[in-house]
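Residue numbers (our numbering), protein chains in the order written: chain X, 1 to 293; chain D, 1001 to 1471.
Don't read these hints as lab results, they were simulated from the structure.
A few of these clues could be false.
[Claimed, not checked] Computed beta-carbon distance windows for the label pairs:
id	chain 1	residue 1	chain 2	residue 2	range
1	X	A22	D	P1386	58 to 64 Å
2	X	E56	D	P1121	45 to 51 Å
3	D	A1390	X	N82	44 to 50 Å
4	D	D1309	X	E244	43 to 49 Å
Even for Gly, the Cβ is constructed at its ideal location relative to N, Cα and C.
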Amino acid sequence: MPRATSTTELSEIVRDAHDARARLRIVARGSWPARTAAVATDAALLDVSALSGVVEYVPGDLTLTAKSGTTLAEIEEATRANGQWCPLLPWGGDGGTLGATFSTATHGPCSASLGAPRDHAIGMQFVDGTGALIRAGGRVVKNVAGFDLTRLLIGSWGTLGVITEVSVRLRARPAVDETWSVEIEADDASAARLDEFRRGPLAPLAMENFNGRSLVRIGGNAAFVAASREAVKSLGAAVSADPESWTRLRESDPRPRGPLATNALADPLSQRVKKQFDPAHILNPGILGEALA
Amino acid sequence: MSLLSDELSSIVGARHVLERATELLVYESDALPGYHKKPRLAVFPGTRDEAIAVVRALHAARAPFVPRGAGTGLSGGALADDVVLLGLQRMRKIISVDPSARTATVEPGVVNVNLTKAAAPFGLHYAPDPSSQSACTIGGNVSENSGGPHCLKYGVTLNHVIAATVVLPGGDVVKLERPTADHTGYDLLGAYVGSEGCFGVTLDVTVRLTPNPEGVFTMLADFTSVDDAARATSAIVAAGILPAALELMDHGTIECVESSIYAAGYPRDAAAVLLIEVDGALAGLDEDVREVQRLCRDCGAREIRTASDATERARLWQGRKKSFGAMGRMAPHLAVQDAVVPRTRLAPILARIAEIGGKYRITVCNVFHAGDGNLHPNVPYDGNDPDETARVHAAMREIMEMCIAEGGAITGEHGVGLDKIGYMESLFPGDSLDAMCRLRDAFDPERRANPGKVVPSHRCREWLAAPGAHS
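Required output: the full structure, derived from the provided sequences and hints.
As structure tokens, then:
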């Protein structure tokens, strides 16, 4: 199995594969969903897990750059000490890597309130299907210099390039972060109250069904959370819950659900993009449901 | 009359095609003085079908074109020599507002603030608010991925666009949608937003609308040194408070604003002021306001004024939003920069900008989105004075190179256009620039849409200009 220990090595491996038209299946922790069976069976595994570690973290700037093989748990640990986080919190848990989370654009229970992967990335580095090492965006929080290759790569399932490094914007963790388990009646009045809560100024960080109850996460400064807590209690019988419930819930629900049954490369524009970045069609071939030659 | 103009006239009506030099004068430049390019003609479709037909006619004629909204851009983006200028400001219908889904679909020529007005009866607004929001269009905002003061908390245009219908330069109409949790496919919408008119022509845009906050506090903190104001900015960011907006104006800018009709009552003897807005749910808002005030005082704020009502708030904001215009009183031209730097480096970088200004004997007026580290060191000057012009250009280059060396970016919200294309090679390696060209080629294989912008063309490996060469 080819194993890249540096971006230079990775570039060489992909360039050689491009020249030989040899198919590659990109893998790091192997925490991508089980359904990667869609990748052509003759593809050689390309192990990128060695490209790992935080490259730069400036707490005062609330920005962090890490190699793609860094796990989310490692980033969580590095930022927690400064009261910060990168709240990707994807389905499947934090054992997977930064590269996989962005490649698959995996959402999580907090995505609606705190942003999806495309909202967190400020820059990245990747090796395209010809072996070229490409830098996009940067390490500052606002940037419109050049066409947005960062957004293009997010959710492209490794089919346009192998992500080697990602820069993200961080957020301050909420000063108070509470989880409640609520039993909400199935009547119209309860539904209306729930809708008002979710759309109103006290909207929660996350809300999911869990073991027949609603798990609600509220966060902010003490006064905000005090008001939110009252709002949660007005929804139904509420008990304080273990914040770790969220981890268990995410780990028990290993989304993303995998490539669609339909061909995501069916439209001519997507096909032209694919051809520009992986002309030999060697990166994760088949994973987007496309037919293989 | 040329064949092309006859054909375009037959699509949109002769009065919506301009050809005479005098009529085209206004389309030779945008809101950044100093760039003049002469289009061969200008065409203004009034409907989606007309816009599609125009693009197809341009494709058949292999004619290069530049899409343009209200011409409020600040990068020399919506102009080029000898092109067809495709003006979209007649397409200004708000197609729908859906208060329960909190979305709206609009044509590209809708003025930014008119969208917010249409959303207002439902307690909603469109969050990205460029300072030119009373004139700039949503189509232009999408092309530039525009920001604005409130983007600190609410995000830039990219974060608010859900879908767009686009006619590609080859004439195909495509619907680009923001990928969702359940939809896998390339984020072509993300690639399109901020493509500066190089990828196609926007026919309609669907955006997210944001609920108006329950409470808003607008504060003006007054400092006797720029350094203190910059430190206060870093302190607020580091404390984990996310204000809706955090803007810095220095003495030069305050003077310009206070001497103009946009006078906002800023203290004229201050070295810098911070305009800080904190908003959100009423619960917990007071605590954030008090914390911001404490941090400003700790960093040496002389006085902190809080707007007591909507009128006072609007006045404080007017001075900020009209400050570029107010600088027009100082000199006939204005050089505008848009660099972004790491927020912890603001204080030393502002000191360095002041030094560079002194060295080249120019007046630098700083007015910017401090919370994002998005600088606007602006220099009023007389473009007819070759010596002064040369000094301004030299100073601007030095400022930009310093920002790049500090790990910054060359533009945070104005776009590359013509004005910053010369810095792209300092910022990105050749392979990265080539990759950007390749993305453009997927949308516009003939490179006819807004030619010569964003990426220097000598950085694009292959020229696939021949018709059919892309297939």
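Cross-check of the supplied hints:
| no. | hint | verdict |
| --- | --- | --- |
| 1 | A22/X x P1386/D: 58 to 64 Å | 59 Å, holds |
| 2 | E56/X x P1121/D: 45 to 51 Å | 47 Å, holds |
| 3 | A1390/D x N82/X: 44 to 50 Å | 46 Å, holds |
| 4 | D1309/D x E244/X: 43 to 49 Å | 46 Å, holds |
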